[in-house]
Amino acid sequence: MLRLESIQNSFKFYYKGKLFFEHNKDSPIIKLGKAKAQYQMTHGKFSINQDMIEVFSLTQFKVIKQTKTKVKITFSKTNLNLDLILEEKNDLLYISFEHNNKELNRIWIKISANSNEYIYGCGAQFTKFNLRGHSVPLWVEESNPLWKEDFTTYFPQPSYISVNKSFDNTYFLFVETTYFSKFNFINDKFHELEIWNIPETIIIGKYSELTEILKKFTSYLGRQPNLPDWVYDGLILAIQGGTAEVKEKLKIAKKHGLLVNGIWIQDWEGRRVTSFGKQLFWNWKYDENSYPNLPDLINTLNQKGIKVLGYINPFLAIEGDLYKEASKEGYCIKNSEGEDYMIVTTDFPSALLDLTNPKCIKWIKKIIRHNMIEIGLSGYMADYGEYLPPDAILNSGISGEEFHNKYPVIWAKVQYEILKESKNLDEILYFHRSNFSHGSKYTMLYWAGDQSVNWSQRSGLPCVINCGMSLGLSGIGNYSFDIGGFLTTDEVKREKEVFMRWIEIGAFSLIMRTHEGNRPDDNFQFDSDEEILEHLRKMVLIHVKLKPYLKNLEKEYQEFGLPPIRPCFLHYKDPNLLDLKYQYLLGRDVLIAPAIYPKIKEKELYLPEDNWIHLWSSNEYQKGKLKIQSPIGKPAVFYRKDSKYLKIFKELAKVI
Numbered sequence: 000m001l002r003l004e005s006i007q008n009s010f011k012f013y014y015k016g017k018l019f020f021e022h023n024k025d026s027p028i029i030k031l032g033k034a035k036a037q038y039q040m041t042h043g044k045f046s047i048n049q050d051m052i053e054v055f056s057l058t059q060f061k062v063i064k065q066t067k068t069k070v071k072i073t074f075s076k077t078n079l080n081l082d083l084i085l086e087e088k089n090d091l092l093y094i095s096f097e098h099n100n101k102e103l104n105r106i107w108i109k110i111s112a113n114s115n116e117y118i119y120g121c122g123a124q125f126t127k128f129n130l131r132g133h134s135v136p137l138w139v140e141e142s143n144p145l146w147k148e149d150f151t152t153y154f155p156q157p158s159y160i161s162v163n164k165s166f167d168n169t170y171f172l173f174v175e176t177t178y179f180s181k182f183n184f185i186n187d188k189f190h191e192l193e194i195w196n197i198p199e200t201i202i203i204g205k206y207s208e209l210t211e212i213l214k215k216f217t218s219y220l221g222r223q224p225n226l227p228d229w230v231y232d233g234l235i236l237a238i239q240g241g242t243a244e245v246k247e248k249l250k251i252a253k254k255h256g257l258l259v260n261g262i263w264i265q266d267w268e269g270r271r272v273t274s275f276g277k278q279l280f281w282n283w284k285y286d287e288n289s290y291p292n293l294p295d296l297i298n299t300l301n302q303k304g305i306k307v308l309g310y311i312n313p314f315l316a317i318e319g320d321l322y323k324e325a326s327k328e329g330y331c332i333k334n335s336e337g338e339d340y341m342i343v344t345t346d347f348p349s350a351l352l353d354l355t356n357p358k359c360i361k362w363i364k365k366i367i368r369h370n371m372i373e374i375g376l377s378g379y380m381a382d383y384g385e386y387l388p389p390d391a392i393l394n395s396g397i398s399g400e401e402f403h404n405k406y407p408v409i410w411a412k413v414q415y416e417i418l419k420e421s422k423n424l425d426e427i428l429y430f431h432r433s434n435f436s437h438g439s440k441y442t443m444l445y446w447a448g449d450q451s452v453n454w455s456q457r458s459g460l461p462c463v464i465n466c467g468m469s470l471g472l473s474g475i476g477n478y479s480f481d482i483g484g485f486l487t488t489d490e491v492k493r494e495k496e497v498f499m500r501w502i503e504i505g506a507f508s509l510i511m512r513t514h515e516g517n518r519p520d521d522n523f524q525f526d527s528d529e530e531i532l533e534h535l536r537k538m539v540l541i542h543v544k545l546k547p548y549l550k551n552l553e554k555e556y557q558e559f560g561l562p563p564i565r566p567c568f569l570h571y572k573d574p575n576l577l578d579l580k581y582q583y584l585l586g587r588d589v590l591i592a593p594a595i596y597p598k599i600k601e602k603e604l605y606l607p608e609d610n611w612i613h614l615w616s617s618n619e620y621q622k623g624k625l626k627i628q629s630p631i632g633k634p635a636v637f638y639r640k641d642s643k644y645l646k647i648f649k650e651l652a653k654v655i
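According to numbering that gives the first Met the number 0, the sequence shown is numbered sequentially starting from 0.
Just so you know, these hints were derived from the structure itself, not from any lab.
Just so you know, not all the hints are guaranteed correct.
Stated by the list, open to error - Derived pair list, reagent style PhoX-like, types lysine-lysine, alpha-carbon separation capped at 25 Å:
1) K17 <-> K181
2) K71 <-> K61
3) K361 <-> K422
Said to hold, decoys possible - FRET-style restraints, in silico, Cβ to Cβ:
4) P597 <-> K188: 37 to 45 Å
5) K646 <-> P597: 30 to 38 Å
6) V654 <-> I251: 53 to 61 Å
7) E558 <-> G132: 34 to 42 Å
8) G256 <-> K649: 17 to 25 Å
9) E401 <-> M51: 15 to 23 Å
10) P597 <-> K17: 39 to 47 Å
11) S395 <-> D320: 23 to 31 Å
12) G132 <-> Q557: 30 to 38 Å
13) E603 <-> N80: 38 to 46 Å
Bear in mind that the values here come from a model prediction, so they are computed numbers and not experimental data.
Cβ coordinates follow ideal geometry from the N, Cα and C atoms, glycine included.
Take these sequences, add in the hints, and give me the full structure.
As structure tokens, this is what we get:
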């Protein structure tokens, strides 16, 4: 399956018939270098630069070994040697490196490409779906919508999937590294991977079908844990402001027939009002002022079939007693002076847990068990994970630079382990926004982080569609988002129409959960008027009726790595689908083209080759471009005529 063609000072390397490396003295496939990184963090956003010390283009080579399953090539430059080892194992190509200069900490690798290629993945990408023509930095960081940058993301991943217009030679590539890297897809003839260490290995999987690629890729990375069954039974409604407010909001929801299966009380631990808005007091125990006898409230709501969810992150409020305990025991990351490293997220400093310290992990697990699980919480947002400074001093001795991208993975692992240890993994829902390679196996649910409460294609409603499909091609299946968005400013406030359209997308996704935003009083909320209450009621009913179908999608992800949110080209080999980033398949049988602009009365979309039934009119359509009426309450939704779930789909349009 491996083939090497060597002619004088050049060679071509093929795997399963596809050209992956084309080396010659004018365009060597590998460069090595030595550099010093410079990182500057402001509110979780990083400015990243480097001082280059040396760069070596490895032009000379010698083939040391060549069989059908293993190739070894030695590259040389003066006194520098690098062995490139390519080996097929378990139906994957493993690429590894051995070299004689341990001071080298940069490598550039060229992967052969062509002009018909489309590139997807690299984790959670919000603005670009097809990454061809772009250079993508891969570093965990805050993705604040105000920054208006294309590739800042909470969840980067050094992987991509390549698809070309003829749908042959499709493959995935994954780099085993936790260091900063940059994937450059700009050149027509090659992709250049820049990695700030010599990686342990690079994995390539080439298969004829995209479904097979996802099966193999997710098997390698690890698939997410199952969701609790109850999450499909209604809406998780965001409420904050104290016990009286919770009761009043639930009274309104019940009066209007809203199926609420859970409430998410993010301020269960207390509130901190800042210049940014209504934030939280990060001392992980319930606030007896706002929520006196919270365990009793939780128990009462549970008896009514309503779960209660909370919030946690790896920071500690320095005014709280938990920080004082953690600081005394040495559980916080340190600065170069050996002091607790104070980190500013918005306008206040806080301490960050040192997740390289086993004693710290044991301590925070005890906090979660005693202060959250044992009072009856059925879930929580496990927020943040992006703020570890590269110059932090860590307990294990690993550098902050190396551990930075791994930090959110360990944060997710903490949640997974405590729920498994307490035998609550089947009952409690936890969700994250930050992540990195191999974090999927610890992350029950990924949510898209903070979007603006508007229509911005860069940072608003449309982003959650693009993000969901990018994640689906990065190994994530259990995906959700804040219905209505989060970021509110003096200039951007949530209006009624965008909230209603966001609700529609939520209905045709795995989980429905609202958010009030960072400035709830400025935003249109679920109970702001009768029309939106009625709209939400209908969409939640539709979502609940989809439960058997959604449960099957979750099963397909567990068995085959197929994400519920899918690009249409996953099942249809049609080049017209390759650039469509605002319509998606919910599983195999449902196609949704959401409204992504205000005041839309009809929606233009493209139907792939199949027999499609329009959900609301029952009219049948075939392949091609189509304009369809799409008023609020009737988004552009189609289902396959030969689906085994026809009975369920036909019932959706009857919801009143």
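Range agreement (Cβ of I251 with Cβ of V654, hint 53 to 61 Å): violated, 20 Å
Taking 17 to 25 Å as the stated bounds, is the beta-carbon spacing between G256 and K649 within them? Given about 22 Å between the Cβ atoms, the range holds.
Check whether the Cα positions of K71 and K61 lie no farther apart than 25 Å. holds, 9 Å
Per the hint of 38 to 46 Å, is the separation of the Cβ atoms of E603 and N80 within bounds? Cβ of E603 to Cβ of N80: about 57 Å, so the range 38 to 46 Å is violated.
Is the distance from the Cβ of P597 to the Cβ of K188 consistent with 37 to 45 Å? holds, 42 Å
If you draw a straight line from the CA of K17 to the CA of K181, is it 25 Å or shorter? holds, 24 Å
Quick check: does the Cβ-Cβ distance between E401 and M51 fall within 15 to 23 Å? For M51 against E401, whose Cβ atoms are near 20 Å apart, the range 15 to 23 Å holds.
Tell me if the beta carbons of P597 and K17 are separated by a distance inside 39 to 47 Å. holds, 45 Å
G132 and E558 - C-beta distance against the hinted 34 to 42 Å: holds, 35 Å
Go ahead and decide if the range 30 to 38 Å is satisfied by the Cβ distance of G132 to Q557. For G132 and Q557 the Cβ distance comes to about 35 Å; the hint holds.
Given the hint that K361 pairs with K422, test it: the Cα-Cα distance must not exceed 25 Å. Cα-Cα ~17 Å, so holds.
CB-CB spacing for P597 and K646 relative to the 30 to 38 Å hint: Given a distance of about 35 Å, which is inside 30 to 38 Å, the answer is holds.
Consistency note: the structure conflicts with the earlier hints numbered 6, 13.
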